[in-house]
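Note that the protein sequences, when read in sequence, are chains W and Z.
Take 0 as the starting number for the first sequence in numbering that gives the first Met the number 0 and just add one per residue.
Take 0 as the starting number for the second sequence in numbering that gives the first Met the number 0 and just add one per residue.
Think of the hints as simulated: they come from the structure by calculation, not from any bench.
Be a bit skeptical, because a hint or two may be false.
[Said to hold, decoys possible] As a list, the in silico SDA-like pairs of lysine to any residue whose alpha-carbon atoms are at most 20 Å apart: (1) Z/Lys22 / W/Gly201; (2) W/Lys86 / Z/Val19; (3) W/Lys86 / Z/Lys150; (4) Z/Lys22 / W/Lys15; (5) W/Lys86 / Z/Val21; (6) W/Lys15 / W/Ala190; (7) Z/Lys38 / W/Lys15; (8) Z/Lys38 / Z/Val21; (9) Z/Lys38 / W/Lys86.
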Amino acid sequence: MIRINVAESGPTSYIKHHLTNLQVGEGFWTFHLDTMIVSFALGLLFLVPFVIAARRVTAGVPGPLQNFVEWMVQFADNTVAESFHGKRDFIAPLALTIFVWILLMNFMDLIPVDLVAGVASWFGYDPYFKIVPTTDVNATFGMSLPVLALILIYSIRFKGVGGFTKEMLTHPFGPWLFPANLILNIVELLAKPVSLALRLFGNLYAAELIFLLIALLPWYMQWMLGGPWALFHIIVVPLQAFIFMMLTIVYLSMAHDTH
Amino acid sequence: MNLNATLFGQFITFGIFVYVMVKFVWPPIMTAMRDRQQKIADGLAAAEKGVHDLEQAQQKATEINTSAREQAADIIGQANKRGTGIVEEAKTQARSEHDRIVDAAQAEIEQERGRVREALRAEIATIAVAGAGKILEREIDAKAHDELLEKLAAQL
Numbered sequence: 000m001i002r003i004n005v006a007e008s009g010p011t012s013y014i015k016h017h018l019t020n021l022q023v024g025e026g027f028w029t030f031h032l033d034t035m036i037v038s039f040a041l042g043l044l045f046l047v048p049f050v051i052a053a054r055r056v057t058a059g060v061p062g063p064l065q066n067f068v069e070w071m072v073q074f075a076d077n078t079v080a081e082s083f084h085g086k087r088d089f090i091a092p093l094a095l096t097i098f099v100w101i102l103l104m105n106f107m108d109l110i111p112v113d114l115v116a117g118v119a120s121w122f123g124y125d126p127y128f129k130i131v132p133t134t135d136v137n138a139t140f141g142m143s144l145p146v147l148a149l150i151l152i153y154s155i156r157f158k159g160v161g162g163f164t165k166e167m168l169t170h171p172f173g174p175w176l177f178p179a180n181l182i183l184n185i186v187e188l189l190a191k192p193v194s195l196a197l198r199l200f201g202n203l204y205a206a207e208l209i210f211l212l213i214a215l216l217p218w219y220m221q222w223m224l225g226g227p228w229a230l231f232h233i234i235v236v237p238l239q240a241f242i243f244m245m246l247t248i249v250y251l252s253m254a255h256d257t258h
Numbered sequence: 000m001n002l003n004a005t006l007f008g009q010f011i012t013f014g015i016f017v018y019v020m021v022k023f024v025w026p027p028i029m030t031a032m033r034d035r036q037q038k039i040a041d042g043l044a045a046a047e048k049g050v051h052d053l054e055q056a057q058q059k060a061t062e063i064n065t066s067a068r069e070q071a072a073d074i075i076g077q078a079n080k081r082g083t084g085i086v087e088e089a090k091t092q093a094r095s096e097h098d099r100i101v102d103a104a105q106a107e108i109e110q111e112r113g114r115v116r117e118a119l120r121a122e123i124a125t126i127a128v129a130g131a132g133k134i135l136e137r138e139i140d141a142k143a144h145d146e147l148l149e150k151l152a153a154q155l
């Protein structure tokens with residue numbers, strides 16, 4: 000099916016087709032429906048069992064679902080406790096949400112690249128549909144910009160407006176070089192969400208692109224590269240989710256503690 | 000890079016997820032885990048206390064056992080003594096009874112013998128008078144020889 004598509008349209012348009020979002024709207028007011036739908040559905044996929052487990056929670060003998068949820072909760076709580084010194088009842092659930100959500104979104108990468116388009120083409124449709132939300136910068140910035148906002152909120156809340164301003168102006172070169180300090184600190188502050196978002200996006204986008212390139216090979220060659228790349232990708236998927244979570248915790252603990 | 004309004008959708012989605020997680024998932028699960036921790040700690044403490052109690056109870060049981068054995072030995076000793084006493088007493092009583100019966104019998108025999116002797120004495124006097132009468136071929140006047148006969152009878 001897809002081979003026919005590639006033969007018809009050529010590799011460039013095949014890849015382009017697969018890397019274009021399903022969208023509505025014009026210019027800035029464009030909505031990537033695929034990103035929004037898939038990420039929301041994946042969010043519900045973990046949130047619903049978590050809420051069910053929390054509703055039925057018991058201090059007695061836990062069932063399998065509660066066991067799993069408690070394991071995840073404990074994992075997030077311990078990870079946060081290691082680097083964040085303060086109340087964890089917001090940071091820990093935030094960290095776990097980030098981790099699980101990114102993990103699930105990244106795992107969409109392991110769905111065969113032609114599956115959605117292929118199934119749709121049987122029914123006569125030829126839609127654009129990017130199934131991996133994290134290959135869309137909107138999804139990655141959608142998490143990293145709120146993290147930036149939280150960094151600012153935490154900085155001001157725990158250091159005060161004066162303390163935060165002072166840190167921005169005097170750190171790291173002392174008060175006499177305050178313009179340089181300010182520029183450096185603003186760059187540092189902005190680099191945090193940008194690096195968070197682009198690291199995740201870059202990893203997943205590149206991975207998806209390579210899967211597409213592998214899909215262009217003759218069918219008898221695909222397993223040779225596709226297999227190892229998929230295996231490698233199983234490591235990348237949780238790793239990227241973990242890095243995003245860990246850096247969020249570290250950034251917030253930096254904002255929380257005074258230098 | 001095509002950043003666009005999708006970003007706002009993602010903000011909202013992310014916000015909802017974090018809110019639900021913070022508000023509805025985290026508190027009950029953390030509370031349950033803390034409660035369970037407490038329960039387990041209490042359980043372990045109770046188990047330890049149970050072991051301690053058991054040890055104490057065993058010790059007490061041993062003590063009770065020992066004292067009971069001592070008491071039993073005491074009681075048995077007393078009972079033996081008492082039994083011996085009763086037997087002894089019974090023996091004494093039996094012996095005195097025996098003596099009394101024997102004495103009574105003896106007295107009765109003595110009495111009988113006296114009675115028999117008296118009877119015999121009277122009989123002999125009569126026989127002697129009859130014998131003497133036969134020898135003399137005539138009636139002996141019993142009255143005349145009464146004194147003599149009395150003497151004879153007393154000699155028997």
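Could you check the structure against the hints above and give me the numbers of any it violates, in ascending order? 1, 3, 4, 6, 7, 8 and 9
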